[in-house]
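Trainee: We have chain A; now place chain B onto it with these hints.
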Amino acid sequence: MNAIFVVWWKEVAENLRDKRTLMSALIYAPLFGPIMFVVLMNVQINHELSKAQGPLKVPVIGAQYAPNLIEALKQQGLDPLPAIANPEAAVRNRDTDVVLRIPPDYGNAWRDGEPAQVEMIYDASQTGTGTPRERLAGMLQNYDREQGAMRLVARGLSPAVATPLVVSERDQSTPQSRSGLVFGILPYFFVVAIFVGGMYLAIDLTAGERERQSLEPLFANPVARWRILAGKLGAIGAFSLLSLVLCVIGFAVAGCFMPAEKLGMTFDLGPLFIGQVLLLELPLLALFAVLQTLVAAFAKSYREAQTYLGLLMILPLLPSMLMSFMPVKPADWMYAVPLLGQQIGISELLRGRAVGMQPIGLALLCGFAVALVIGLITARIYGSERLAISA
Amino acid sequence: MIEVRNLHKSFGAVKAVDGVSFTARDGEITGLLGPNGAGKTTTLRMLYTLMKADAGQVLVDGIDAATDPVAVRRVLGVLPDARGLYKRLTARENIDYFARLHGIDAMQMHARREALVDALEMRDILDRRTTGFSQGQRVKTAIARALVHDPKNVILDEPTNGLDVMSTRAMRAFLKSIKSEGRCVLLSSHIMQEVAALCDRIVVIAHGHVVADETPDALRAQTGETNLEDAFVKIIGSEEGLAA
Chain A
342 MNAIFVVWWK EVAENLRDKR TLMSALIYAP LFGPIMFVVL MNVQINHELS KAQGPLKVPV
402 IGAQYAPNLI EALKQQGLDP LPAIANPEAA VRNRDTDVVL RIPPDYGNAW RDGEPAQVEM
462 IYDASQTGTG TPRERLAGML QNYDREQGAM RLVARGLSPA VATPLVVSER DQSTPQSRSG
522 LVFGILPYFF VVAIFVGGMY LAIDLTAGER ERQSLEPLFA NPVARWRILA GKLGAIGAFS
582 LLSLVLCVIG FAVAGCFMPA EKLGMTFDLG PLFIGQVLLL ELPLLALFAV LQTLVAAFAK
642 SYREAQTYLG LLMILPLLPS MLMSFMPVKP ADWMYAVPLL GQQIGISELL RGRAVGMQPI
702 GLALLCGFAV ALVIGLITAR IYGSERLAIS A
Chain B
14 MIEVRNLHKS FGAVKAVDGV SFTARDGEIT GLLGPNGAGK TTTLRMLYTL MKADAGQVLV
74 DGIDAATDPV AVRRVLGVLP DARGLYKRLT ARENIDYFAR LHGIDAMQMH ARREALVDAL
134 EMRDILDRRT TGFSQGQRVK TAIARALVHD PKNVILDEPT NGLDVMSTRA MRAFLKSIKS
194 EGRCVLLSSH IMQEVAALCD RIVVIAHGHV VADETPDALR AQTGETNLED AFVKIIGSEE
254 GLAA
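Heads up: the protein sequence lines correspond to chains A and B, in order. Heads up: the first sequence runs through residues 342 to 732, numbered per our numbering. Heads up: the second sequence runs through residues 14 to 257, numbered per our numbering.
The hints are all genuine.
To give an idea of the chain B side of the interface with chain A (calculated C-beta under 10 Å), a few residues:
(1) R87
(2) L89
(3) D94
(4) R101
(5) L102
(6) Y110
(7) R113
(8) A155
These aren't lab readings, by the way, just hints derived from the structure by calculation. The beta carbon of each residue, even a glycine, is placed where N, CA and C say it ideally should be.
Okay, chain A solo, but in the shape it has when bound:
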């Protein structure tokens, strides 16, 4: 039997017996993302929908000054609540999202044909107030246009006189592209699944083995060190791959439990999507395996390696953060940058756009090239005398 395969098989078999490794590679890393995603999305979507579609409950102060207005708003879905004493404090304390206040001189202004003032009191810094605020503003505007048009007609003028400009919005987004916006966090979860899936193995196979003093006897065998390294890297990659596959399938299943259609989105992760994601992420499997092993080889103990790798976990976050703070226009060269290429490629796929063979090939080529360079450095470290000495 080839020594590389002997090492690979032993590491896989041994780590399949380790509860912590299994938990992190098969449960925590791959399923954390999909489960959190489904729960959060459902909560948020249902919350938004109830605010967007149900009766709009708004405390109204001074309703008696404008009975016609209130009647018109009621027809549009407003459910006026009794007046409250301190509306400013109420919106700041989140007792209510928005308050409508009608001043006592509303009636006089209206009768005089002056612009009659109404006040909307809200706190824009509170999350979730946007939808009720916009709904109320829309209702008021409708009433405003309606009454304005009637006044013009009463004076024998066409209402069109008062609307010299009409804006028609032509949104080019599709249900799938809109979902790409919301589901843009997926590539990050994929990368985390790869990273965490192989992390405990990477620590255990180098720093752990040295700490348990089994590296020196292992190196006394007539097997070149690079072969031992290759077998170990293969085992790390196998666990990462398993974690990634579970994560992608997890999201595909999660899509079924997502009320995405209610928001005018589609979330469909078919076999083609899964296949393309796995292909794109392949270089990252290799890259993280060598990078984690390199870091673990520098650490003096298991604990130290764990600390270093915890810090290294910020790395996969970078492209996602970059993308969310600075909207980037995808360009072909970006596929050459590992992590960024995967982020962009998968975002495009989620938006329902095709990613050609050329950018995918570029991502594979550059990703594997970087992995190879780091792999050679790791092999050098593995060949050093220092690595083998346990104490």
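Mentor: Frame of chain A, contents of chain B only:
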């Protein structure tokens, strides 16, 4: 046969091994004796090619460790100072892993493992995971995996370290039995009695130098001490008298 010629190894300014030469012959047990920190472990590590010598030569069955380290490791069985086992594997799996790394086939592996299990009397622990093994059980497993490829030369770094009296006696009997099979056995120790009871030849190392290389009897005669321990103290304590 293991031949060591003028071996040197420094760590920074510290000369751990400074011109060590000796020969360990087939069918003999050679003891590397010296106080802690004398350079025994470093010397052995260069023999099984974990470390490269700064200068000097190591020949194992005529193969130069500097030019073909993998071939040297193939004819060596090694019990290093570090003898960690894989705790999630059984003793049998630990042994088989090393057998497979040596590339020996399944039939041979089975026969050789069974022979070692009987010789080391470890049948009862064979299919237990090694976590929780006693020191003696750990050493047995480590020796079995080191010898599973039937090596001609055996290197053991402090083989009885941490063993109780019964285990130590069993270990000695085992080492004598592999010597009688015609193997070249090289062990290190800082314990006088052990070397005296076992070895055909004693190489005394102190401060990275070989200060004596004799049979136990010749060592006693050379120092004029009938007690080996006194002889040992005399050698270590008065280097200049032994330089010739």
